[in-house]
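Chain residues, written in single-letter form:
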Amino acid sequence: MFDTNLIGHSLGQRSITVEEWAVRWYANAIGETDPIYSDVAAARAAGHPSLRVPPTFLSCMEGWLFKTFDLLALAGIDPSRVLHAEQQYEYHAAVCAGDTLTYEPRIVDVYDKKGGALEFLVKASRITNQSGVHVADTRTVLVQRQLSKDQ
Amino acid sequence: MTRRSLKDLQVGDSIPELRVPAISRKTLAVYAGASGDHHPLHIDSDYARDAGFDDVFAHGMLSAAYVGRLVTDWAGQDRLRSLKMRFTGITHLYDAPHCTGRVSERFEVLGEPRARVQMQCANHNGEAKIIGEAVVALV
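These protein sequence lines are chains U and L, in that order. My numbering puts the first residue of the first sequence at 1, with every later residue one more than the last. My numbering puts the first residue of the second sequence at 152, with every later residue one more than the last.
Worth flagging that the hints you see were computed from the coordinates, not collected in a lab. Where a beta carbon is used, it is the ideal one built from N, C-alpha and C, also for glycine. Among the hints, a few may not be true.
[Stated by the list, open to error] Simulated coverage check for chain U against chain L, where a stretch passes if three residues somewhere in it have a Cβ under 8 Å from a Cβ of chain L:
| no. | stretch |
| --- | --- |
| 1 | 24 to 32 |
| 2 | 50 to 56 |
| 3 | 79 to 85 |
| 4 | 88 to 102 |
[What the hints assert, rightly or not] Here are the simulated BS3-like pairs of lysine-lysine, each with C-alpha atoms no more than 27 Å apart in a straight line:
| no. | chain 1 | residue 1 | chain 2 | residue 2 |
| --- | --- | --- | --- | --- |
| 5 | U | 113 | L | 235 |
| 6 | L | 235 | U | 67 |
| 7 | L | 235 | L | 158 |
| 8 | L | 235 | U | 114 |
| 9 | L | 177 | U | 67 |
| 10 | U | 113 | U | 67 |
One chain only, chain L, in its complex shape:
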């Protein structure tokens, strides 16, 4: 992975987007196995319908992982200081996640320059599913 300097990052700069293939039942089954989150709302259509949903839907933490990738693909994990995410909508089957971010602030903590990045994970229709914020070190 490239480790280019982020020292010149400015407020308002966009970070490289992340586009993810549409969510399939297989995506959810593989994620359930790897994450250990076997909640039936995500893998059992009968259970999901009984609970009032049209069908199974994506784990919130799967989209959260995509938001994590948005940051680490761009800045590298060594620079990541914090991640905060609010789940604002359900990611449905066949939604194609699209993660974006923009620098909102530059500041310093104990002499380390840092940037705050406002992020979102939306579906292919632009409906936000996660609103998030990352702090990265500009080193």
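So that you can see chain U by itself, here it is in the shape it has in the complex:
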């Protein structure tokens, strides 16, 4: 079982400006062909100030600001035994390239299942933009598997 003292732990507050090239590379990597994610003119024609940020890209930028390996080290999680169990998003306002996003992640829960064979850590992040608008909330559940029987 992870240390329950982790519950409520804030990882701090960090900001990032969304770069056009980063959105374009991500769209390419996930096979996204809608030009609002890769062509600024198309995004503007669709009414956006710049490239639209795909719904799942919010997690990537969170990972750039707050390295998952740092979180694993903080919680004493073995990187070779961790898997992503759940991912959730609530969207409150559009995010586009050029926006500066501030992430405020916190560890909100730890628990185990199957008599401790599976240990879970839940992180929740509030995301605001440069105007102070609350644009999204993310929630991530990581699970650490117990070592297999022969180890």
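Following the hints, position chain L against chain U.
Relative to chain U, chain L alone:
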């Protein structure tokens, strides 16, 4: 992209499926670079084997991105209110993701009509890898 009305959407309606080409090592390398997730389980076969896996396997968040595309291709991102995904299985090399969804509920929040869509991302054998749910505005 077409922006047809979703006002007449009914519980039980299926949304258009999304089929993705089979996952290759290149898919994972390109995704690792673009996402910044360089976890060696997804790009280093030696590390993956030492960790007890047969080989590298897909990032869960890559399949999550496909589930996101399932919704945005159909409804457009402006209508997307929430996404929830549970990773139920590992997507292996050469798996071809197949995302599907079906409307499970219509409801209203602050006067805005919305639909809840149950989704899954399976491989080409129909084995579910992600079970998810999206809420979209029917505007």
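A quick look at each hint next to the structure:
Coverage of a stretch by a chain is defined here by at least three residues with a beta carbon nearer than 8 Å to that chain's beta carbons; for the stretch 24 to 32 of chain U and chain L the count is 7, and the condition holds. For a cut-off of 8 Å, the count of residues in the stretch 50 to 56 of chain U with a CB near a CB of chain L stands at 4, and the three-residue condition holds. Proximity of the stretch 79 to 85 of chain U to chain L, defined as three or more residues with a beta carbon under 8 Å from a beta carbon of that chain, is established by the 6 residues found. For the stretch 88 to 102 of chain U, the stated coverage by chain L holds: 5 residues have a C-beta nearer than 8 Å to a C-beta of that chain, and at least 3 were required.
Restraint check for residue 113 of chain U and residue 235 of chain L: satisfied, since their Cα atoms lie roughly 21 Å apart, inside the 27 Å limit. For the proposed pair residue 235 of chain L and residue 67 of chain U, the alpha carbon gap of about 22 Å is at most 27 Å, so the pair holds. Note on residue 235 of chain L and residue 158 of chain L: the hinted pairing holds, with a Cα-Cα distance of about 23 Å set against a maximum of 27 Å. At most 27 Å may separate the alpha-carbon atoms for a hinted pair to count; residue 235 of chain L and residue 114 of chain U meet this at roughly 23 Å.
With a C-alpha separation of about 24 Å, the suggested pairing of residue 177 of chain L with residue 67 of chain U holds against the 27 Å cut-off. For the hint pairing residue 113 of chain U with residue 67 of chain U, the CA-to-CA distance comes to about 26 Å; that is within 27 Å, so the pair holds.
Consistency with the previously given hints is maintained throughout, with no hint failing.
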